[in-house]
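*Asks:* Make the complex out of the two chains shown on their own, each in a separate frame, by following the hints.
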Amino acid sequence: MSPPQPPRRPRPKLDADNRAFWTGGAEGKLNMMKCGDCGEFTHPPRQICRHCQSENMAAVAVAGTGEIDTFTINYQAWMPGLEVPFVIARVRLDGVPGVVLTTNVVNCDVNDVKFDDKVKVAFDEQDGIWFPVFEKVA
Amino acid sequence: MGQNTEAYVTGIGQSEVGVRLTRSPMGLTKDAIMEALADAGLTLDQIDGVASYPGKSHGYLGFSPVGVDEVIEQFGIKARWHSGAAEIPAQLSAIASAADAIHAGHARHVICFRTVYEAAAMSRPEEFPPLRREHVEGYSQWTAPYFAISAACWVGQYAMRHMHRYGMTREQLAQVALNANRNALRNPRARAITKKPLTMDDYMAARMISSPFCLYDCDRFSDCSTVIIVSAGDALDEVKATPVRIAASAGRVDRWSWDQAEWMASYATGPELWAKTDYKPKDVDTVQFYDGFAFFPISWLEALGFCEIGEGHRFIEGGTRIALDGELPLNTGGGQIGAGRLHGFGFAHEAVLQLRGQGGERQIPGDPKVAVATSGGGPLAAALLLARD
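Top to bottom, those sequences are chains D and W. 1 is the number of the first residue of the first sequence in the numbering used here; add one for each residue after it. 1001 is the number of the first residue of the second sequence in the numbering used here; add one for each residue after it.
For reference, chain W alone in the conformation it holds in the complex (with noise of 0.2 Å):
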């Protein structure tokens, strides 16, 4: 018997998802973690590797106020491997690496977390100063002088590109918020997010942000921290919770540039996550993509291959292929838009919920087994293929 070096998803938390919180980040970050461990029956002695995205964000602290070594240190964790990187395909990228570390056998428990506080910070500026700079540096030298300062006027010209050349509306744009909405409603967490059903009239009513994405096509600053524990396959008898196999995971960038590239990094990233597996799209049950902005699950959609390039917009026309009954159920939690911008890891999370069968009033049918989960989009791009062996 050789040992089993593949990684496995053996336990999720999440503390409460806010808007305005006052637990502080590090309490947020505990809740999540405390939660992760029970969900797998480990102990804090057991861990022994910790990782985040994009490590702690001094300029800017709602972003990201806990870093690695901070977690290691309140937690006494005894940490044979960690990283903290933000120079990485995206936020998913952050529970590949573990993936990595545990194939390498660097370690054999490891707790990925990623904690926000935008809302909470905007809301106490004295505690969380906001950014700010005598110049513009880095790339938003090339876009922040023109007040294209959102990431929503970066991607709304990829969406209106696609408008032009594919022919995408509003209407079928509106179905990434329309379907959030309607699962966010199901998913307790998300109370503190979605309040209400939405409507097409209350969608195409909208103020605009950056065309063509009003309010709704945009997610919400929220409060909350995410857990994945990551573990080896030598290690699953130490843990209590359904294993799901990190099966494959890929991230490319091939310009990093919100305005160079032609192409957002998925639609390298998508092939290339195939290129690593023997499953197919068409093995998949469920997916949770990325939806900073409401074009993106559609790019993904493309990107990946569920259909060509150019017919992700038709491919969720009326909202019935990915409803929760439908084939291909996208974003089952309500994403970011419905559940809070939780920042890529809560589309493991619920990937995770949905393979084992917890899914509660919003879980699908069918017996899942095999789930695509990604992050990031512009020159962010990273994909896991989760499965239920």
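Looking at chain D on its own, in the form it has when it is part of the complex (with noise of 0.2 Å):
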């Protein structure tokens, strides 16, 4: 028997709240939830406003860069064929005051990631969805 397969990454459902923060990736941009009037960010995304409640919504790209705020080794296969061990991080974005995301460190050792890391976004397409992970800037 062969091994099975590594799992897809479990699937979102797009709506009008998260298609720009999960589609970005294919221009390249990490967008981000803004508020035109409060100029704060809402996340996870919305159509308004968690700080002033208004409706002057927009998706914009932010840096894409950030550090890791806390992390942990994940060692156990949650599903059939899931590689481990694997980092998975809260990073601070910079530029995006009171937002981290849950995500991924890839590209390097697990041992390796520490605290404060500096990070930049990378995006990992399946299947129309661009899942914004991360790696380490050098």
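Don't read these hints as lab results, they were simulated from the structure. Certain hints may be false.
[Said to hold, decoys possible] 20 Å max Cα-Cα, derived DMTMM-like pairs, lysine to aspartate or glutamate:
no. : chain 1 : residue 1 : chain 2 : residue 2
1   : D       : K13       : W       : E1134
2   : W       : K1276     : W       : E1361
3   : W       : K1369     : W       : D1283
4   : D       : K13       : W       : E1137
5   : D       : K114      : W       : E1262
6   : W       : K1195     : W       : E1361
7   : D       : K114      : D       : E135
8   : W       : K1056     : W       : E1073
9   : D       : K13       : D       : D37
[Stated by the list, open to error] Computed from the model, here is a short list of chain W residues facing chain D with C-beta under 7 Å:
no. : residue
10  : S1057
11  : R1132
12  : H1135
13  : E1137
14  : G1138
15  : W1142
16  : T1143
17  : I1149
18  : C1153
19  : M1160
20  : M1208
21  : S1211
Keep in mind it's a predicted model, so treat the numbers as computed, not measured. Note that beta-carbon positions come from the ideal geometry of N, C-alpha and C, so glycine has one too.
*Replies:* Have a look at this one:
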């Protein structure tokens, strides 16, 4: 028997709130929902600002850089074929105060990930969803 | 004389706790209800309220296979008040809601129950189909795409941050599991879950799940029903058990999020609990803290002011202060790590046993009068302050 294929990433259902976030990678953009009135970001993204209740919201491309806020090295294969270990992290985004993204830190040894490491976004595309993942900045 | 609208725990019951049990979920629920009624000296026709968390979980039956409506129907309860809700602060909020219903005069004797069947359900997938969805929706869309599928991955990140900021070590974290193991070995109802002593060497050699958590830092799926009966103060002459007053309850979340919130909801809930009572942390004789993962009790110690924030791991270091004969006995029945994932209600059950002096081989010494029971972690948090007057 051949080993199971690595699983696909669980897919979000696209809607008006989240589409720009999950598809922005097609243009190389990390899009975050920003209020045109108070200037604050709302994440998870919504059509109404969670800070001032304005409906003047738009997805804007942010720098895509940030720092490791915290992380865990995951060793358990939660799905058949899932390759372990791998890093799950929360990344503080530059220029997006108050927001962290849960993500994977990829393309490095799991033991090389440290708190406050600088990272930048990359995209892992699967069937039209562009999953923002992060790499360490050399 | 005014009415006594205080709320009291007057009966507790629990089914067998097992792994892959074959008795039905309603059968287990019946076992727990009957034990609690006998404990209280009440009969079904005196019950006029029913509460549970989170209500029947239709998409994933093992998580919550029995709903409030079904219990009302099965046992012929003439319910003047009932609630089976998921969007409340956490598991024990079902008991807090019952207390509120008592305060308001909506009911006199409320059965609060939580039935779990995850181990059995996983072993019988044809009968209990696992959750399969084409898409991840709701909050899980922000975590599951990164294979952060278990709460171990979400909570592990809070625990890792504690290590980084405050210097928590795995040896300190281990005290939660070692304490749970010692206490569970004295708990007859934990025998299906904990069978042999755990050493620090065993702990350090265990396989990792999601750092810093190893296998022993995680609670274990089990099958069980737990029942807490809450009664009105002016109905106490109808019950025979020693009543334990629900002196205060709290549950608070500032952001319902497993990642955007810098602090888990426990940290807002702890001060909220003390704001509602004249009791102080120094009055507490035992704490029963939710331990779905071993970091949670450490966070509850800090959140409830038993130590400063960032000191919880030092509080439990070496395990003596939280042992059965220590200054603040923790999870005296083994918690969920040692005695099974009863999903919150086990902590209230154990607190009441201890306050009544019915802990058997695990009874804490002295004359305990005040306990705190909590449930939840991450964006879920509820705390009950229980007192024997």
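*Asks:* Are the hints correct? Go through all of them and say.
*Replies:* Hint-by-hint comparison with the structure:
1. D:K13 to W:E1134: Holds - the C-alpha atoms of E1134 (chain W) and K13 (chain D) are around 9 Å apart, at most 20 Å.
2. W:K1276 to W:E1361: violated, 34 Å
3. W:K1369 to W:D1283: Roughly 9 Å separates the two Cα atoms, so the pair holds.
4. D:K13 to W:E1137: holds, 7 Å
5. D:K114 to W:E1262: The hint holds at about 18 Å.
6. W:K1195 to W:E1361: holds, 16 Å
7. D:K114 to D:E135: The hint holds at about 12 Å.
8. W:K1056 to W:E1073: holds, 14 Å
9. D:K13 to D:D37: violated, 28 Å
10. S1057: violated, 19 Å
11. R1132: Violated - the Cβ of R1132 (chain W) stays beyond 7 Å from chain D, reaching only about 11 Å at its closest.
12. H1135: holds, 4 Å
13. E1137: The hint holds - E1137 (chain W) has a Cβ within 7 Å of chain D, the shortest such distance being about 6 Å.
14. G1138: violated, 10 Å
15. W1142: holds, 6 Å
16. T1143: This hint holds: T1143 (chain W) lies near chain D, its Cβ roughly 5 Å from the closest one there, short of 7 Å.
17. I1149: holds, 4 Å
18. C1153: holds, 5 Å
19. M1160: holds, 5 Å
20. M1208: Where the cut-off is 7 Å and the nearest Cβ of chain D is about 4 Å from M1208 (chain W), the hint holds.
21. S1211: Holds. Min distance 4 Å.
When held up to the earlier numbered hints, the structure conflicts with 2, 9, 10, 11 and 14 and fits the remainder.
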